[in-house]
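Colleague: Just so you know, the protein sequences line up as chains R and C, in that order. Numbering follows the numbering used here, with no gaps: position 470 of the first sequence is 474. Numbering follows the numbering used here, with no gaps: position 5 of the second sequence is 254.
Do not rely on the hints blindly, as some may be mistaken.
[Unchecked claim] A few chain C residues facing chain R, derived, Cβ under 7 Å:
| no. | residue |
| --- | --- |
| 1 | V647 |
| 2 | M660 |
| 3 | S661 |
| 4 | D665 |
| 5 | L687 |
| 6 | L695 |
| 7 | F721 |
| 8 | M732 |
| 9 | V733 |
| 10 | L737 |
[Said to hold, decoys possible] Below are the DSS-like pairs computed for lysine-lysine, each with C-alpha atoms no more than 30 Å apart in a straight line:
| no. | chain 1 | residue 1 | chain 2 | residue 2 |
| --- | --- | --- | --- | --- |
| 11 | R | K445 | R | K432 |
| 12 | C | K696 | R | K32 |
| 13 | R | K164 | C | K579 |
| 14 | C | K628 | R | K32 |
| 15 | C | K696 | R | K28 |
| 16 | R | K500 | R | K484 |
| 17 | R | K65 | C | K579 |
| 18 | R | K107 | C | K696 |
| 19 | C | K628 | R | K164 |
| 20 | C | K688 | R | K28 |
| 21 | R | K107 | R | K493 |
| 22 | C | K713 | R | K28 |
| 23 | C | K628 | R | K28 |
| 24 | C | K628 | R | K107 |
| 25 | R | K493 | R | K407 |
| 26 | R | K164 | C | K696 |
| 27 | C | K688 | R | K107 |
Worth flagging that the hints you see were computed from the coordinates, not collected in a lab. Backbone N, C-alpha and C fix where the C-beta goes; we use that ideal spot for every residue, glycine too.
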Amino acid sequence: MDSILSILIFFPALAGILGFVVDKHSAKAYGVAVAAIELILALWLWLKFDITNAGMQFTEKVDLISQFGISYNVGVDGISLFIVIMATFITLLGIILLRPDTKNMKNMIVSLLFLEMTMVGVFLSLDAIIFYLFWELSLVPMLYIIGAWGGPTRVYAAVKFFLYTFAGSLVMLVGLLAMAYLYHIATGTWSFNILDWYTLELTENQQFWLFLAFFMGFAIKVPMFPFHTWLPHAHGQAPTIGSVILAAVLLKMGTYGFVRFSLPILPDASVTFTPFIMTLALIMVIYTAMIAFAQKDMKQVIAYSSVSHMGIIMLGVFAMNAEGLGGSVFLMLSHGIVSGALFMLVGVIYERRGTKIMSEFGGLAAVMPIYATIFGVMLMASVGLPLTIGFVGEFLVLLGFYKVSALGTILAGTTIIIGSVYMLALFKKSFFGPLTNEKNKDLKDLDARELTALIPLVLIVVWLGVYPKPVLEPIDNSVKALLVQMENKAISAETKEAIVISKKEAK
Amino acid sequence: MLEPVNISIEALNLATLMPMLIAIGGGLVILVLDLAKENLHKSLYVMLTVLILLIDLGATTGLTYGANEKGFFDVMLIDGIAVMSQVLILVASMLFIPLALTSKRFHEYSYPEFFALFLFMIAGFQFMVSSDNLILIFIGLETASLSLYTLIALHNRSNSFEAAVKYFTMGALAAGFFTMGSAVLYGVSGSLELGQIAGAISERMNEPGIMILLLGGAGLLLTAFAFKLSLFPFHTWAPDVYEGASAPLAGYMSVVPKVAAFVVSMRIFEMFIELQIHWVQTMIIILAVITMTIANLMALVQEDVKRMLAYSSISHAGFVMVAIALATDKSNAAVFLYYALFMFTNLGAFAMLWVSRHKDRVHHARYDHPYEKFSGMIKIMPMGAIVMGLFMLSLAGVPPFSVFWGKIYLMSATVDAGYLWLAVVMGLNSAIAAYYYLKLIVFMFLKEPTAQVTQETTYYNVSKPLLTILGFAVLVTVASIFMVDPLLEYIHTMIAATNFGI
Chain R
5 MDSILSILIF FPALAGILGF VVDKHSAKAY GVAVAAIELI LALWLWLKFD ITNAGMQFTE
65 KVDLISQFGI SYNVGVDGIS LFIVIMATFI TLLGIILLRP DTKNMKNMIV SLLFLEMTMV
125 GVFLSLDAII FYLFWELSLV PMLYIIGAWG GPTRVYAAVK FFLYTFAGSL VMLVGLLAMA
185 YLYHIATGTW SFNILDWYTL ELTENQQFWL FLAFFMGFAI KVPMFPFHTW LPHAHGQAPT
245 IGSVILAAVL LKMGTYGFVR FSLPILPDAS VTFTPFIMTL ALIMVIYTAM IAFAQKDMKQ
305 VIAYSSVSHM GIIMLGVFAM NAEGLGGSVF LMLSHGIVSG ALFMLVGVIY ERRGTKIMSE
365 FGGLAAVMPI YATIFGVMLM ASVGLPLTIG FVGEFLVLLG FYKVSALGTI LAGTTIIIGS
425 VYMLALFKKS FFGPLTNEKN KDLKDLDARE LTALIPLVLI VVWLGVYPKP VLEPIDNSVK
485 ALLVQMENKA ISAETKEAIV ISKKEAK
Chain C
250 MLEPVNISIE ALNLATLMPM LIAIGGGLVI LVLDLAKENL HKSLYVMLTV LILLIDLGAT
310 TGLTYGANEK GFFDVMLIDG IAVMSQVLIL VASMLFIPLA LTSKRFHEYS YPEFFALFLF
370 MIAGFQFMVS SDNLILIFIG LETASLSLYT LIALHNRSNS FEAAVKYFTM GALAAGFFTM
430 GSAVLYGVSG SLELGQIAGA ISERMNEPGI MILLLGGAGL LLTAFAFKLS LFPFHTWAPD
490 VYEGASAPLA GYMSVVPKVA AFVVSMRIFE MFIELQIHWV QTMIIILAVI TMTIANLMAL
550 VQEDVKRMLA YSSISHAGFV MVAIALATDK SNAAVFLYYA LFMFTNLGAF AMLWVSRHKD
610 RVHHARYDHP YEKFSGMIKI MPMGAIVMGL FMLSLAGVPP FSVFWGKIYL MSATVDAGYL
670 WLAVVMGLNS AIAAYYYLKL IVFMFLKEPT AQVTQETTYY NVSKPLLTIL GFAVLVTVAS
730 IFMVDPLLEY IHTMIAATNF GI
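The whole structure should be built from the sequences, with the hints applied where relevant.
Modeller: Structural data, given as structure tokens:
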């Protein structure tokens, strides 16, 4: 099966179209079945994946608009492989967790399946226009999910989400077109193939402007400070499934874009911009962590903590060494698993009580012990306790970042402390203490549906926390290949030095 | 005594006139048919018109376009863009005319004159695009415009008359500007043929004071075309006229007259740009940027979908106007790619309005198509809502739907020409535009239906021909990614067979 990547991308979309025919009472079962098949396909891809090969595998190329150099071009390497698996995994668990009495279940399932296509498509595309296509298309189902199933001001939040990202990515599109034009000048042919672009030499001035254009698209998606203002709204209004997918997968598109586009295509500009990005990322890490501490709403705490952790991922990406970059790719996975799980957990309590305000709770551990345990595990993973999935990535990122800036590392390290403060405060307020609120007296603990969705996440958190090697190794291979490629391409001596030093130390 | 003029019939090269003669002849046949037997059903006229257009299309594609062939006392010019734009016009017309076959009766379609006028209008547009003689361009423009005013006035709304009169007045003004501009150019060059004008101007470029004359000539012509293309500040007629015209005719007006006007603008203004008269270029860029921005901002505050679409098509015209200023082969190709794809989506969107058209205003005292009319459409008629949603996403430029490809090709042409800031402005304008398209999507998908919105009221005017046309529109909108390559190949062949600025 050579075309496994195309099957992975288009199977959910096809299933989504056919899903219109499925009876609405069977829609959820249909969704679970399709998402499970998709996950199996993704796992099968992992099985067939050659972990010693650092380059692109399973590539497929079909010319679409040959006059303009646009082709359907997909491939997978160690960086994208696990993000795709994580995306399919989270989608499956999210669908399992959907309440059976969700209104318009069929529309929800169809939108989720289309969303899954766009998510998988973004991470597998090797053609800039196809990448952009999936990138933009992912906004549409998400707009519908937030707007149709969200909270009271859902329409405002959904439209803000759409327009904010859309505006940023149009600036990015100009960058992509300029890139293609530069390639055309240099070689005489049009190409939007990213691998072709990797080979193109650009002057520092060109790199500077292209970096800015790409930055607008990616930074809004991440979301980097000061472009993060759309996210709390979106999370605040989105239904549980929307928040889960938004935090776990959609935000990763931004960081993935930096890894796939900005670093290898524009190595010199990436090094030039490193202080700028790091400042923004540090502000983002510390500032949003402090905001998180001030929140009264449980979901907002998790939303801001999720932004704060995205800052650490950004630090790792721009550390430009194997530990930092590899760590941040790993952190993308663990952030997806952990923040996805936390949003699911908030959704569980919101379903029971209809509120997310922490002061309404207290002493929940007494009535919902299993829930409290799982929440505790995820919380520890979120603050990066050793032997959980969160520790591995965070440690590697800080290790990599230490080589760049010791002071920055200390600052970023404080977030682990702030992070544990607000997370433990959340835990204390909600789960410990006396059970004061009458309404909480007879809350039911997790039922079978919720356990099915959450237990796999707990297992992964522990498994990859204790033994991350099977995932880290392919990531490491591809990341090193990317760094070598960056070094070869870099034109200024400083850039080469910045990358070389880190490479030597990596060995 | 005057010498008798001897012209052989071969020298006239009558073949170049064939397409227009077919359209005019077809219009006459329809009139004669009405004389012979009264009260024939509109379906007969519709199908007859489609057939005539088909023959016309055959004659057009049969023209030899490689050698910039001249004909009929050298006023006709058959080159690549002449043929290609005629094809575009004819295809758009064939998509438009079946929209007359609604399930409810609208009186304009029971007059055979409607169809005859329609064919005369097409002949006018065909003359306009296949000539480089300012007089013939003017005659084509006026034939087409006068027919179009009448078609608008035939609709059964009181504001249709208002629209027609408004359009007529503005059109007359534009005609005035056009003749004055032509007169100035004639004064400068002693010719009305663009090729000879270009030659004469390039010889006189160094003369003192020539720029003032050219400012008059080009400025007046630009004003005339700004009226026709609804560019700022001459765009104010457009929303009222679109609102007064029937929905399909409004959709038609946002495509066909604009294509024709863009072709003529290409011939005229790219000649000036070729002659290194830079302020023409600057002025067009400024006009384009202001047009798309103002129209986008105005569209944000509209309460009526049709008016919103009117402003949206003004903004699209401003967007495409950038291509005229760039004057490269790629930007010219982008104009045709843009309109070839935009045509289907936009006609589809207006056809969706037509499907839901009532005799009376059910939803709003002032508007036929307020946003509330589409409220909660996903609950009542999911397919209709999805189709309209697709059109809106396509107009907003979300990939992979049709308009996106035109957009990136034009933006790419802008980047190639070195206008990065302009490409960014175009991108940001698309982001503003996304808001008002989303507004309709929000109404359709995210709001609850109002009491008046039922399947009955929203599918009021539907019929099989309408659904067929909508089917075509959806097909092209969704599958456009596979059509761009052959389209581009055709367009580039045609552009290569055109000699600009000689």
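Colleague: Against each hint, give a clear statement of whether it holds in the structure.
Modeller: Going through the hints against the structure:
Residue-level restraint check for C/V647 holds (minimum Cβ-Cβ distance to chain R is 5 Å; threshold 7 Å). Given hint, C/M660 at the interface with chain R, holds; its Cβ is 6 Å from that chain's nearest Cβ, closer than 7 Å. Given hint, C/S661 at the interface with chain R, holds; its Cβ is 4 Å from that chain's nearest Cβ, closer than 7 Å. A least Cβ separation of about 5 Å between C/D665 and chain R falls short of the 7 Å threshold, and the interface hint therefore holds.
For C/L687, the suggested interface contact is upheld, since its CB lies about 6 Å from the closest CB of chain R, less than 7 Å. Interface hint at C/L695: satisfied, since its Cβ lies 4 Å from the closest Cβ of chain R, which is below the 7 Å cut-off. The restraint placing C/F721 at the interface with chain R is violated, with a minimum CB-CB distance near 20 Å, outside the 7 Å limit. The interface hint given for C/M732 is violated, since its Cβ lies 10 Å from the closest Cβ of chain R, which is over the 7 Å cut-off.
Because the smallest distance between the Cβ of C/V733 and any Cβ of chain R comes to about 5 Å, under 7 Å, the interface hint for this residue holds. Taking 7 Å as the C-beta contact cut-off toward chain R, the hint placing C/L737 at the interface holds, the least distance being around 5 Å. Restraint check for R/K445 and R/K432: the C-alpha separation of about 17 Å stays at or below 30 Å, so the hint holds. About 24 Å separates the Cα atoms of C/K696 and R/K32, which keeps this hinted pair within 30 Å; it holds.
In summary, the hint linking R/K164 to C/K579 is not supported, as the alpha carbons are separated by about 35 Å, beyond the 30 Å threshold. For the proposed pair C/K628 and R/K32, the alpha carbon gap of about 19 Å is at most 30 Å, so the pair holds. Restraint check for C/K696 and R/K28: satisfied, since their Cα atoms lie roughly 21 Å apart, inside the 30 Å limit. At most 30 Å may separate the alpha-carbon atoms for a hinted pair to count; R/K500 and R/K484 meet this at roughly 14 Å.
Proximity of R/K65 to C/K579 is assessed by CA-CA distance (about 26 Å); at most 30 Å being required, the pair is judged to hold. The hinted pair formed by R/K107 and C/K696 meets the criterion: a straight-line CA distance of about 14 Å does not exceed 30 Å. For a cut-off of 30 Å, the pair hint linking C/K628 to R/K164 stands: about 24 Å separates their Cα positions. Taking the CA atoms of C/K688 and R/K28, the gap is near 28 Å; set against the 30 Å cutoff, the hint holds.
Proximity of R/K107 to R/K493 is assessed by CA-CA distance (about 53 Å); at most 30 Å being required, the pair is judged violated. For the given pair, C/K713 sits about 29 Å from R/K28 by alpha-carbon distance, which is consistent with the 30 Å threshold. For the given pair, C/K628 sits about 14 Å from R/K28 by alpha-carbon distance, which is consistent with the 30 Å threshold. Between the alpha carbons of C/K628 and R/K107 the distance comes to roughly 12 Å, so the proposed pair stays at or under 30 Å and holds.
Restraint check: the Cα-Cα separation between R/K493 and R/K407 comes to about 22 Å, which is no more than 30 Å; the hinted pair holds. Distance check on the hinted pair: R/K164 and C/K696 sit about 17 Å apart at the alpha-carbon level, within 30 Å; holds. A C-alpha spacing of about 23 Å is found between C/K688 and R/K107, which places the hinted pair at or below 30 Å, so the restraint holds.
Going through the hint list in order, the structure does not satisfy hints 7, 8, 13 and 21.
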